[in-house]
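Undergrad: Each chain, written out:
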Amino acid sequence: MAGPTRTPFYKDVGFLFIFVLSVGSAATIYARDGAARFLEILRDDAVLWLTVLPKVAAGVMVAAFLRILLPKEVVARWIGERSGLKGLFVATLAGALIPGGPMTIFPIATSLYLSGADRGSTVAFITGWLTLGINRAVVWELSFFEPEFVVLRTLVSLPVPILCGIAARMLPGRTEEQRAADKTKPRPEVRE
Amino acid sequence: MIVLIFAAVLYVIAAAMIAMAARRDRALVGEGLRDAWGQLVIIMPALTVGILGAGFVAALLPPELAETYLGEGAGVSGYAIAYVIGVLTPGGPVVGFALGAAAIKAGASVPIVVVYVTAWALVNLNRVLIWERVTLPRKVMIERLIVSAPVPVLVGLFAWTVMELLSWW
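Those protein sequences? They're chains F and W, same order as listed.
Just so we're aligned: the first sequence equals residues 1268 to 1459 in this note's numbering.
Just so we're aligned: the second sequence equals residues 2 to 170 in this note's numbering.
A portion of the hints provided could be inaccurate.
Unchecked claim - Derived DSS-like pairs: lysine-lysine, alpha-carbon spacing no greater than 25 Å straight-line:
#, chain 1, residue 1, chain 2, residue 2
1, W, Lys106, F, Lys1353
2, W, Lys106, F, Lys1339
3, F, Lys1353, F, Lys1339
As the list claims (entries may be wrong) - Non-contacting residues of chain F with respect to chain W, defined by C-beta distances greater than 10 Å in every case (computed):
#, residue
4, Ile1296
5, Asp1312
6, Ala1325
7, Arg1334
8, Gly1347
9, Glu1348
10, Gly1351
11, Phe1356
12, Ala1376
13, Arg1386
14, Ile1393
15, Leu1419
16, Leu1438
Said to hold, decoys possible - These stretches of chain F come out as covered by chain W in the derived footprint (C-beta under 8 Å, 3 or more residues):
#, region
17, 1305 to 1311
18, 1357 to 1370
19, 1405 to 1412
20, 1420 to 1428
Hint data in this document are derived by calculation from the structure and do not stem from the laboratory.
Using N, Cα and C, we set each Cβ at its ideal position, and we do this for glycine too.
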């Protein structure tokens, strides 16, 4: 899977920003609220990290094997550049139905993109998950909001992934050849 | 519990896919696992710092921030405030829903909470920095953010329109 950060993390400006923000916040908490509070937050974060780790591992495996198992012609036919509105519908539906958190959805989106999904479909897939995800609505949203709110929010969000997909296709930028060139860029090194 | 089931389902899916790859060609299993491992090695440093940092950043924000501001906002400024708070709300699958629900109880109008929840879902800084930045091709991420930027406001206006129509009817 290419695409995600290929620069080493210590040279990555975005990473450095997050690093400085994190260390700064941690130091502020330590100075303001004391060591006990600092350790409490650190412990909660560590627990979260431990619960996320196995899911990230599963997510990258699913994404990697999806790329191996799904023939590019099939991906291109269903959600490729020439898939039209049908492709956007399929991608939206897939995004809404696939259960998963960011640790699975984003790697899968990357796999689909690298296997021949166009940017419109990829955006529709992610947006479908973000705004219409069934799993999220049922498990999380319904446990906080009245059903009426969930129905209204879902209703007004129904056209969103398709419209975002159309908009993404209309953005200026790459031709098909340039896109093909994107995909043949070297993959990140695989370390044993 | 739900979280455990979810993780188990993921592993069942992964195992099924590995089995399918093995049936096609044994060598594909090694290729897939190496690919997955390579990804994990790239993702984990940024993710680790992001997750550890997010807790501290969240602890610095006043807890009643969203509730108060969403409850008071109305009109154009209400939409803008809901949007900005949606972008800034820290971590987790629950936080946006929890704060939105609390805001409704505190008197926020439904369209404004729709703007907030949608902004939190689509253009949340925490998710972009911790997850998308590491797992998506940069171009896709930027294009997605560009086309998503106006959506929370449009969806809020749409919700407001639907509610007005329903109240006339």
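Undergrad: Would you mind marking each hint as holding or not holding in the structure?
TA: Results of checking the hints against the structure:
Distance restraint check for lysine 106 of chain W and lysine 1353 of chain F: the Cα-Cα separation of roughly 40 Å exceeds the 25 Å cut-off, and the hinted pair is therefore not satisfied. For the suggested pair lysine 106 of chain W and lysine 1339 of chain F, the alpha carbons sit about 49 Å apart, so the restraint of at most 25 Å is broken. For a cut-off of 25 Å, the pair hint linking lysine 1353 of chain F to lysine 1339 of chain F stands: about 17 Å separates their Cα positions. Taking the minimum C-beta to C-beta distance to chain W, about 5 Å, the non-interface status of isoleucine 1296 of chain F is violated against the 10 Å cut.
Chain W draws aspartate 1312 of chain F into its interface by the beta-carbon criterion, the shortest separation being 4 Å against a cut-off of 10 Å. With a least CB separation of 4 Å from chain W, alanine 1325 of chain F falls inside the 10 Å interface cut-off, contrary to its annotation. With a closest Cβ-Cβ approach of about 7 Å to chain W, arginine 1334 of chain F is found to fall inside the 10 Å limit, against its non-interface label. Taking the minimum C-beta to C-beta distance to chain W, about 15 Å, the non-interface status of glycine 1347 of chain F holds against the 10 Å cut.
Its beta-carbon lying about 14 Å from the closest one in chain W, glutamate 1348 of chain F satisfies the requirement of being farther than 10 Å from that chain. For glycine 1351 of chain F, the requirement that its beta carbon stay farther than 10 Å from each beta carbon of chain W is met, with the minimum near 18 Å. Remark: the non-interface label on phenylalanine 1356 of chain F is consistent with the geometry, its nearest Cβ contact in chain W lying 17 Å away (cut-off 10 Å). Listed as a non-interface residue, alanine 1376 of chain F fails to keep its Cβ farther than 10 Å from every Cβ of chain W; the least gap is roughly 6 Å.
Its beta-carbon lying about 6 Å from the closest one in chain W, arginine 1386 of chain F breaks the requirement of being farther than 10 Å from that chain. Against the 10 Å criterion, isoleucine 1393 of chain F falls within the reach of chain W, whose nearest CB is about 6 Å from its own CB. With a least CB separation of 6 Å from chain W, leucine 1419 of chain F falls inside the 10 Å interface cut-off, contrary to its annotation. Annotated as non-interface, leucine 1438 of chain F brings its C-beta within 10 Å of a C-beta of chain W; the closest such distance is 6 Å.
Restraint check on the region 1305 to 1311 of chain F versus chain W: 3 residues with Cβ-Cβ distances below 8 Å, three needed, restraint holds. Here's how the region 1357 to 1370 of chain F fares: 5 of its residues keep a CB closer than 8 Å to some CB of chain W, so the rule of at least three is met and the hint holds. Counting residues of the region 1405 to 1412 of chain F whose C-beta sits closer than 8 Å to any C-beta of chain W gives 6, which meets the bar of three, so the coverage hint holds. Requiring three or more residues with a Cβ within less than 8 Å of a Cβ of chain W, the coverage given for the region 1420 to 1428 of chain F holds, as 5 such residues are present.
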